[in-house]
Each structure stands twice: as structure tokens, then as C-alpha cells.
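> Listed below, chain by chain, are the residues.
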Amino acid sequence: MQVYANPTRFNALALTVLPWCIGATVLLFLVGLYYSLIVAPQDYQQGETVRIMFIHVPAAWMAMATYTVMALASAVAIIWRHPLADVAAKTAAPIGACFTFLALVTGSLWGKPMWGTWWVWDARLTSVFVLFLLYLGYIAIWQAIEEPTRAARLAAIVALVGFVNIPIIKFSVDWWNSLHQPASVFRMDGPAIHSSILTPLLIMALAYTMLFLTLHLIAMRTEIMQRRIHNMEQAEVQG
Amino acid sequence: MSMFWSLIRRDIVLTLRQGGGAGMALGFFLTVLVLLPLGIGPDLKFLQRLAPGALWITLLLSVLLSTDRIFAPDYEDGSLEIMTMGPMPLELVALAKSVAHWLGTGLPLAILAPGLGVLLNLDALLFGPILLAMVLGSLALSLLACLGAAVTVGLRRGGMIISLLILPLYVPVLIFGVSATNAITGVPELFGPSMLILTAISLASLVLAPIAAAAAIRAHMA
Amino acid sequence: MSFTAPHIGFVLASYGLSALVLVGLTVMIVWQARATANRLKDLEGRAAKRRKPAKQVEPQ
Chain B
84 MQVYANPTRF NALALTVLPW CIGATVLLFL VGLYYSLIVA PQDYQQGETV RIMFIHVPAA
144 WMAMATYTVM ALASAVAIIW RHPLADVAAK TAAPIGACFT FLALVTGSLW GKPMWGTWWV
204 WDARLTSVFV LFLLYLGYIA IWQAIEEPTR AARLAAIVAL VGFVNIPIIK FSVDWWNSLH
264 QPASVFRMDG PAIHSSILTP LLIMALAYTM LFLTLHLIAM RTEIMQRRIH NMEQAEVQG
Chain Y
467 MSMFWSLIRR DIVLTLRQGG GAGMALGFFL TVLVLLPLGI GPDLKFLQRL APGALWITLL
527 LSVLLSTDRI FAPDYEDGSL EIMTMGPMPL ELVALAKSVA HWLGTGLPLA ILAPGLGVLL
587 NLDALLFGPI LLAMVLGSLA LSLLACLGAA VTVGLRRGGM IISLLILPLY VPVLIFGVSA
647 TNAITGVPEL FGPSMLILTA ISLASLVLAP IAAAAAIRAH MA
Chain D
14 MSFTAPHIGF VLASYGLSAL VLVGLTVMIV WQARATANRL KDLEGRAAKR RKPAKQVEPQ
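Residue numbers (my numbering), protein chains in the order written: chain B, 84 to 322; chain Y, 467 to 688; chain D, 14 to 73.
Check the hints yourself; a few may be wrong.
Chain Y stretches covered by chain B per the calculated footprint, using a threshold of three residues with CB under 8 angstroms from any CB of chain B [said to hold, decoys possible]: (1) 559 to 572; (2) 615 to 625; (3) 634 to 646.
Listed below are several chain B residues computed to face chain Y (Cβ distance under 8 angstroms; list not exhaustive) [as the list claims (entries may be wrong)]: (4) Val-203; (5) Leu-237; (6) Trp-258.
Simulated from the structure, these hints should not be mistaken for lab results. Backbone N, C-alpha and C define an ideal beta-carbon position, used for all residues, glycine too.
The following block holds chain B by itself, in its conformation from the complex (with noise of 0.2 angstroms):
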């Protein structure tokens, strides 16, 4: 782990992985999306709006996965100061809010039909709003505070919070839900999960994690340059 805390080495070992990074991620994204909208079946009840399901689940579990990210890269970047944590952990941030902003809005595409309105206050909607501002106040942070070591310190401090209140959000919202929803409850995966559903979702579930992972190392890529760059425009000044 030490090894690859090292900036440079890291960079080294993001280029190697990158490229089977990148071809895994186009080509699970091709063969999930053949599954999803030619050889899955229609749903007998929801027609062809099940589809959405392949889009909308992934991204849901991509925007909770995400934020495990961030608060695992956290817990280190507190613990045990490994350089690269807050790295890992900023960089996560706006790719899970996308996860999240997709999650909830592909959420809002599958409940008009089903549901007949657009928004609908159930337990895991609502759950991953809260999770959307959660994501949106620790980007907040990083933008409010210029010294960058401070910012990290402070960020990491609220993703730790968030990660701990999401458990208690999620208790509450079903508590919440089950107080007021009726005896029908609105299952959001849908017909029980046969294989002819299943094999969509995980592919692209996984196409989803592949294209998390290439646009992470990426954009962490890219932070390194940028802390380099920060360096060397001080030593010019300087210098």
C-alpha cells in the first residue's frame, strides 16, 4: 500500500490499467445495452418501461458505492495521512453526484408511468435526495476552502458524518414511508427477479462500476498534475 503512495508510482500504475480500463468499461456498456433493450423481454405488467430498471439500479448502487468510496478514502486520509486518500476521495465526489442526479431522475422516468406522478416520496427515492445533498455539500466544501490541506481535513471530516448518518437516514425515511404509505407498497425492482431481468442488470452494473473506476483514475490523475502544477507556479513565483 506505502508503494503506491507515491504519486508517481501511482500515475505510472493508472496508465498500465487504464487502457483494459477503457475496454472493459465500452465493452460491458455494449453488451449490457444489447441485453437491456433487445433481448430482455417485455415485463408483462410494465411493458417496456421495465427497461429503465438497467439504468436506474446501477445508477443507484453506484451512487451509494461511490460515497463508500469517498468515506473509505476519508477514514485513511484521517487515520493514516496516505497522501493519495483525499485525492481519491475528492475526485469520487462529482461522479457519484452524477450517479445520484441519474439515480434519481431515471427514478422519476420510471415512477410517472408506473405511479402517475412525477416525483413520488417513497422511502429509497427519498433516501438518495438526502444522499444528493450529502454528495453536494462535501463538494461544496472543497470549493469554500482555498488551503488546500485544510480542505481536505475539513471534507473528510463530512464525508465520515454523511457516511454514519446514511444508515440512520435510510431507518428513518422507512420508518417515514411506513407511517404513511398504504397497505400497497410501490416495489421500485419491480416482478420478482428472474434470470431474463437479472443478466441485464448485472451487466450493466458492472459496466457501470468499469466506467467509475476509468473515470476515477482519470480525474485522479489529473488532481496529481494539478497539485504538481500548484508546486511548480509557487517555485516560479518564488524562485
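Assemble chains Y and D onto chain B, guided by the hints.
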């Protein structure tokens, strides 16, 4: 230990002296309570349904409004830095400030809420539950507000970020607070569990929020 | 997939928007990477040039 209490006393005195604490929050509270029916309509039955949630939300916003004064004055005149280096652990400093904020702002509002709820035609049966729930819940609100203030101390546009940071943290307090308040007229069995969870949230915040707040202050002072 | 099924618009809108956002995100990240790499190359070039004059004024 006496340092702890004297810090609380000092903060409360400052709040009272400046008149900005409970007074400003109360003013805000009243304003919102007047605006709500004006915006929604005077239908008493409808207002009654709305009352518990509206009162809780107004409490949240009022507490949020007063967060900038938790650390800002000390940060500006340098006493925050002195507190960082002093004999009392920074976590206790944060705890003391949270408690002072609660005693000066959150608790008074919580106590006044049932009475003010009359403006929204709050069901009399709910006076007791809302008082109890708000007294317990406002402690969590002040602790979390202090955490938000610690993270954003000294930032130019700290006020906007604080809302974004703290409101997600307030969601569970709001949900369980309203659930406990409404239980009697809704599902009575839920009163116990809601109050217990609300208390648990306050107790957990009592321990965790000052630790995180102290870490944030250290990050600012470093 | 049948293009005449009811609510097909929602399906197309979902896939379209997801493609837009994800491609947009990718473009932005890659563009930033390229711009940063170029800026770094510039700076490194300038840093190298600053070192050269020191060699040229070496005593004959």
C-alpha cells in the same frame, strides 16, 4: 469540570447580552408561524393536520439560523485559538458550546412551541408529546448545529454551506420528532419507540458530535 | 424492443439522459486531464529553460 460549567455560563450570558440568541430565533419562529397560514389558508382543520410538522420544521430552521454565532465571535477575537491550546479538551469545549446553545436557543423554543402551536390550531392532546419530543430533540439539533458551525467557522459563505451540511443530519430528528408528536392521535403504540429513538439520537450526538466538531476546529487552527 | 409500446417515450428519455450525463461527465474529465497535462508540460518546459541559462554563463 468547573471550567466546563463556566464556559456554558459565559456563552449563555453573552447570548442574553447580545439579545440575538433566543430572541432572534423566537422572532423568526413567530414570523414563520404567521406566514404559514397566510400562505396556506386559514382552514383550521387543514392547519391542525399541518401543525406538528410545521412546528418541527420551524424549530429546525430557527436553530439553524443561530448557528453562525456559536463559534464566529470567538474565532474573530482569537479566543477560539486560546481554547484550542487551553487545559480543557477541545471536545469538552465543543460540548459546552452545544449545551449553551441548547439552553439559550433550542430549549426555550421547544418549551414555547406548544403554546405557539395554538396559532396553527395544534390539537391540545399533542401539547405534552410535542413539548417532550422537542425538548429532547432540540438537544440533538443544537449538537449538530455546533458541528456544522465548527466545520464552517471563518468561511465567508459559511451560512449557505451550513444548511446543506446540517439539514441531512436533521432528517432523522425531524422524522422521529414528528412521529412521536403525532402518535397519540395516530398510532399510539409508536409514541414509545419514536421517543426512544429520538432520545438515542440525542445521546449519540452528545458523544459523537463534539468529537467531530473538535476535529474540525483543529483542522481550521492547524 | 417495440417502439410503439405505451410509455416508450419514458424509456427513450431515460436512456437518452443517462447517455448524455455519462458521456458529458467522461468528456469533461478527459478534457480536464488533457488540459492539465498540457499545462504541466508547459511548466516543465519553462522550468528546464530556467535551468539552462545557468549553464551558459559558466566561466570560459
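> Next, verify each hint and record whether it holds.
Now the hints, each set against the structure:
1. Here's how the stretch 559 to 572 of chain Y fares: 0 of its residues keep a CB closer than 8 angstroms to some CB of chain B, so the rule of at least three is not met and the hint is violated.
2. Counting residues of the stretch 615 to 625 of chain Y whose beta-carbon sits less than 8 angstroms from any beta-carbon of chain B gives 6, enough to reach three: the coverage restraint holds.
3. Under the rule that three or more residues need a Cβ within less than 8 angstroms of chain B, the assignment of the stretch 634 to 646 of chain Y holds, with 7 such residues.
4. Contact between Val-203/B and chain Y, as hinted, is not supported at the beta carbon level, the nearest pair being about 17 angstroms apart and thus beyond 8 angstroms.
5. Evaluation of the Leu-237/B hint against chain Y yields a held restraint, the C-beta minimum of about 5 angstroms falling below 8 angstroms.
6. Against a cut-off of 8 angstroms between C-beta atoms, the interface hint on Trp-258/B holds, since the closest Cβ of chain Y lies about 6 angstroms away.
Hint compliance for this structure: hints 1 and 4 are broken, all remaining hints hold.
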